[in-house]
Amino acid sequence: MDNDEHEHVIEVTGLRRVYGGGFEAVRGIDFSVARGEIFALLGTNGAGKTSTVELLEGLAPPSGGRVRVLGHDPHRERAAVRPRTGVMLQEGGFPSELTVTETVRLWAGCTSGARPEREALALVGLTGRAGVRVKQLSGGERRRLDLALALLGEPEVLFLDEPTTGLDAEGRRDTWDLVRALRDGGTTVLLTTHYLEEAEGLADRLAILHEGRIATAGTPAEVTADRPSRISFGLPEGYFVGDLPPLAALGVCDHEVTGSVVRLHTRELQRAATGLLV
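Here the sequence shown is numbered in this note's numbering, starting from 438 and rising by one per residue.
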């Protein structure tokens with residue numbers, strides 16, 4: 438079978454990563470990503486998201502298990518994988534004195550079949566900042582520049598590590614729209630995030646990482662159905678839990694009270710929030 442005919446363009450089996458000193462950041466995880474799919478790795482800092490993605494990108498060999506990207510070992514067969522993938526790291530580390538255009542031009546010189554500089558900048562909304570030095574960009578603009586560079590080679594597979602960190606609400610929405618458009622055009626996207634909203638709104642499927650292991654995986658609807666949402670708030674002075682509307686009628690399945698702080702667990706977040714606020 439030709440590599441391009443693989444149903445799953447990313448295949449991970451029993452993947453482990455152990456750092457010096459014996460710290461095991463990734464502890465035997467399994468997942469696959471289909472062509473043209475957005476797959477999210479969701480978790481807090483230290484959950485193992487970046488450690489996993491670096492193995493998929495071929496930046497290090499796994500300590501155990503197996504990784505295949507487009508049918509190849511991304512570390513041993515880097516030359517076969519790298520031209521077909523785009524990578525957006527958490528931190529780009531660009532030369533601060535270069536302008537945005539100079540940075541894109543420099544990166545394009547190292548990229549096979551790079552798209553035109555203006556096109557790359559237009560994709561991420563940086564056309565108006567083309568002549569600005571990198572050191573003068575905001576944090577959100579630097580993230581957009583990171584994304585422009587990842588898209589230069591029109592990749593088949595795109596790795597996005599915390600792509601919307603530092604972006605304002607509008608920038609996040611624009612990035613989500615761009616990622617969806619790339620998916621609709623056939624690009625396979627694997628992203629990491631610690632925003633549940635981002636994973637729910639973007640991903641076709643997701644996996645929640647916790648301490649290097651996959652705690653749960655599935656479609657956003659499947660995952661959120663298994664895990665109740667939480668609402669926390671402080672009671673105004675003189676108010677008690679008994680003053681709230683009947684919690685069961687709001688879809689609340691459990692609650693706890695610590696002093697004046699109330700924590701509710703619900704599988705019907707919108708219904709519960711509306712009932713409490715109205």
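Just so you know, the hints here were simulated from the structure itself, not pulled from any lab data.
What you are looking at is a predicted structure, and each value in this text was computed from that prediction instead of being measured.
A portion of the hints provided could be inaccurate.
Pair by pair, the computed Cβ-Cβ distance ranges are [claimed, not checked]: (1) 455 to 691: 34 to 40 angstroms; (2) 516 to 691: 17 to 23 angstroms; (3) 547 to 482: 29 to 35 angstroms.
Cβ atoms here follow ideal geometry from the backbone N, Cα and C, with glycine treated the same way.
Hints versus structure:
1. For residue 455 and residue 691, the Cβ-Cβ distance of about 37 angstroms falls inside the hinted range of 34 to 40 angstroms, so the restraint holds.
2. Checked against the hint of 17 to 23 angstroms, the pair residue 516 and residue 691 fails, with Cβ atoms roughly 53 angstroms apart.
3. Range check, residue 547 to residue 482: Cβ separation about 30 angstroms, and the 29 to 35 angstroms hint holds.
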